[in-house]
Amino acid sequence: MKNSSRRGFMGKAFGVFAAGGAIASLYAMKKSWDPLPSVKAAGFTTLDMSGYTDNELVVEKWRGKPIFVLKQSAEMLKKAEANPKDMDRLVKIGDAHFMVCVGLCTHLGCIPGYRPDTQDFLCACHGGMYDFTAEVTKAPPPRGLDIPPFKIDGTTLVLGEEGPEYKKMLESGTTLKV
Amino acid sequence: MAHFTKATSIKDWLNQRLAIEKVEKVMASEYWIPKNINFLWAMGMILVITFALLLVSGIFLLMYYQPNVTTAFDSVNYTIMREVDFGWLWRHVHGVAASVVFLIIYIHMFTGIYYGSYKKGREMIWISGMLLFVAFSAEAFSGYMLPWGQMSYWAGMVITNLFSGGSLHADGLVEWIRGDYVPAQAFLNRFFMLHVLLIPVAIMGLIGLHFGALRIPHVNNQDGEEIDFDVESKKYLDGDKAGSKVIRFANDFMAKDMMVVGFYLVFFFYLVFYHYGFAMDPVNFDPADGLKTPAHIYPEWYFLWSYEILRPFSTDVGLMAFAFAQVIFMMLPFLDRSPNTVPASRRGLFKYWFWAMLIDMIILTAMGKVPPVEPFGSIGFYAALTFIGLWIALPFITMMEKKV
Numbered sequence: 001m002k003n004s005s006r007r008g009f010m011g012k013a014f015g016v017f018a019a020g021g022a023i024a025s026l027y028a029m030k031k032s033w034d035p036l037p038s039v040k041a042a043g044f045t046t047l048d049m050s051g052y053t054d055n056e057l058v059v060e061k062w063r064g065k066p067i068f069v070l071k072q073s074a075e076m077l078k079k080a081e082a083n084p085k086d087m088d089r090l091v092k093i094g095d096a097h098f099m100v101c102v103g104l105c106t107h108l109g110c111i112p113g114y115r116p117d118t119q120d121f122l123c124a125c126h127g128g129m130y131d132f133t134a135e136v137t138k139a140p141p142p143r144g145l146d147i148p149p150f151k152i153d154g155t156t157l158v159l160g161e162e163g164p165e166y167k168k169m170l171e172s173g174t175t176l177k178v
Numbered sequence: 001m002a003h004f005t006k007a008t009s010i011k012d013w014l015n016q017r018l019a020i021e022k023v024e025k026v027m028a029s030e031y032w033i034p035k036n037i038n039f040l041w042a043m044g045m046i047l048v049i050t051f052a053l054l055l056v057s058g059i060f061l062l063m064y065y066q067p068n069v070t071t072a073f074d075s076v077n078y079t080i081m082r083e084v085d086f087g088w089l090w091r092h093v094h095g096v097a098a099s100v101v102f103l104i105i106y107i108h109m110f111t112g113i114y115y116g117s118y119k120k121g122r123e124m125i126w127i128s129g130m131l132l133f134v135a136f137s138a139e140a141f142s143g144y145m146l147p148w149g150q151m152s153y154w155a156g157m158v159i160t161n162l163f164s165g166g167s168l169h170a171d172g173l174v175e176w177i178r179g180d181y182v183p184a185q186a187f188l189n190r191f192f193m194l195h196v197l198l199i200p201v202a203i204m205g206l207i208g209l210h211f212g213a214l215r216i217p218h219v220n221n222q223d224g225e226e227i228d229f230d231v232e233s234k235k236y237l238d239g240d241k242a243g244s245k246v247i248r249f250a251n252d253f254m255a256k257d258m259m260v261v262g263f264y265l266v267f268f269f270y271l272v273f274y275h276y277g278f279a280m281d282p283v284n285f286d287p288a289d290g291l292k293t294p295a296h297i298y299p300e301w302y303f304l305w306s307y308e309i310l311r312p313f314s315t316d317v318g319l320m321a322f323a324f325a326q327v328i329f330m331m332l333p334f335l336d337r338s339p340n341t342v343p344a345s346r347r348g349l350f351k352y353w354f355w356a357m358l359i360d361m362i363i364l365t366a367m368g369k370v371p372p373v374e375p376f377g378s379i380g381f382y383a384a385l386t387f388i389g390l391w392i393a394l395p396f397i398t399m400m401e402k403k404v
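For the record, the sequence lines run as chains A and B.
FYI, in the numbering used here the residues of the first sequence are 1 to 178.
FYI, in the numbering used here the residues of the second sequence are 1 to 404.
These are computed hints drawn from the structure, not numbers from a lab.
Below, computed lysine-lysine pairings styled on BS3-like, alpha-carbon distance capped at 27 Å:
| # | chain 1 | residue 1 | chain 2 | residue 2 |
| --- | --- | --- | --- | --- |
| 1 | A | K61 | B | K292 |
| 2 | B | K235 | B | K25 |
| 3 | B | K292 | A | K138 |
| 4 | B | K369 | A | K138 |
Whole structure, please, built from the sequences with the hints as guidance.
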């Protein structure tokens, strides 16, 4: 009886140590799967905004993801002004307005294609659609394309840094944090 | 210490140390199989053989494959396919077997559903089988990443994005799974590890569990008859082989089993040598490019039905329907409320449920392959609703079933 209770104690003591070890190693395993510091550090891209043409989609790259840049023509801007939700999504640099978005469908991450004639985006994977400011117009995507963190610096745009214009977009819910 | 005597033969020497005769009896010659079965009972052995083919071909691929984003594509498409003698054979065996193994799994599953082989003590056979299905799905997906072509990359992007949970917006989890913002080196390396080590080990463990789960309830038969294996095996051993309802696993049952395997292997190697193309998507012969989505992303044929359950709905509803489809088969032994273990043809409404489910899954598979345009979008939508509806109806129609 005395022996078995002593065994019982040893068993419990071992269990406590083993559980502690298991939790510690799970923590180490979780951290080992995190993105590496070198991956995180390579996260900034600078764009010169003076070289874009109206209604011509240019695909840049930031953190391995495609970034859509679409300079708005006068006609598009007029359409956008009629819809405040569209207007909120545009980035104003000097006198020009730009749509700057992560070019991955908010449904499951395919790259939507731009159709300059109809001035909209179509995602071929599951048929989602977006207008020329990348606001969603047809499900399944739950929201417009996400806008990457940006900072306006004269005529350049730094992706990966959070400027006041971007922070305003976050607060108003125009975009989610990417 | 046990008592050992001078061995009279090598067999006797081994017998004293490893009890090989006893093991042989337990595993083969006195493991009893009902006589009242048909060729559909050979699917298990076909799956074992196919798994062995995957393992052997995989070992040879592993010796030349390089899990690196800059060299992976060429190590498969140049080194293995052009430089290594018979490299093409291992790759085509591996690709075709990965596709065909799902065809056999589905036949195996629907055989079990039709004959009620998940009931009355056979629940763990069914559950371990469904766990194997999940493990094989993960194995197929992780293997699909390795050639690092366009379909590898974009399937990796889309499937890992599922873990963001729609509106939960769990991007941190997705980035953790990838080890990067997008599928890149860390992603390829860890899926390589999963494909060649962790998941295969899990599969082998689950196969052991699946076989172990068979020992006590034994294999089902064509009429769902409850056989007293002790009485019937005694009859057999006493010489009444014709009167007994059971036969030995080896060599008696195995003889016919391997004949079906033989027919299967003719079909299998016909595909490997003459029709391997169905298992090799042409889009995946373009190297991965994170700035260009293929015009039309679709999974391999065996995932199309669950993909089509995801596709017609908005993100959150789609994810919920998809999650439902992934787990619901596991629940079958508990959702079927009828006490009858007989073929579906003798089970009233369940007969129609079985065929409706089979046809619905074929429709979902076909709709998953075509682009999301009308009328296919609507057909897929109603087929997905039918799938969910059939599972909700199952407990009610089986509750009403009369005892046979």
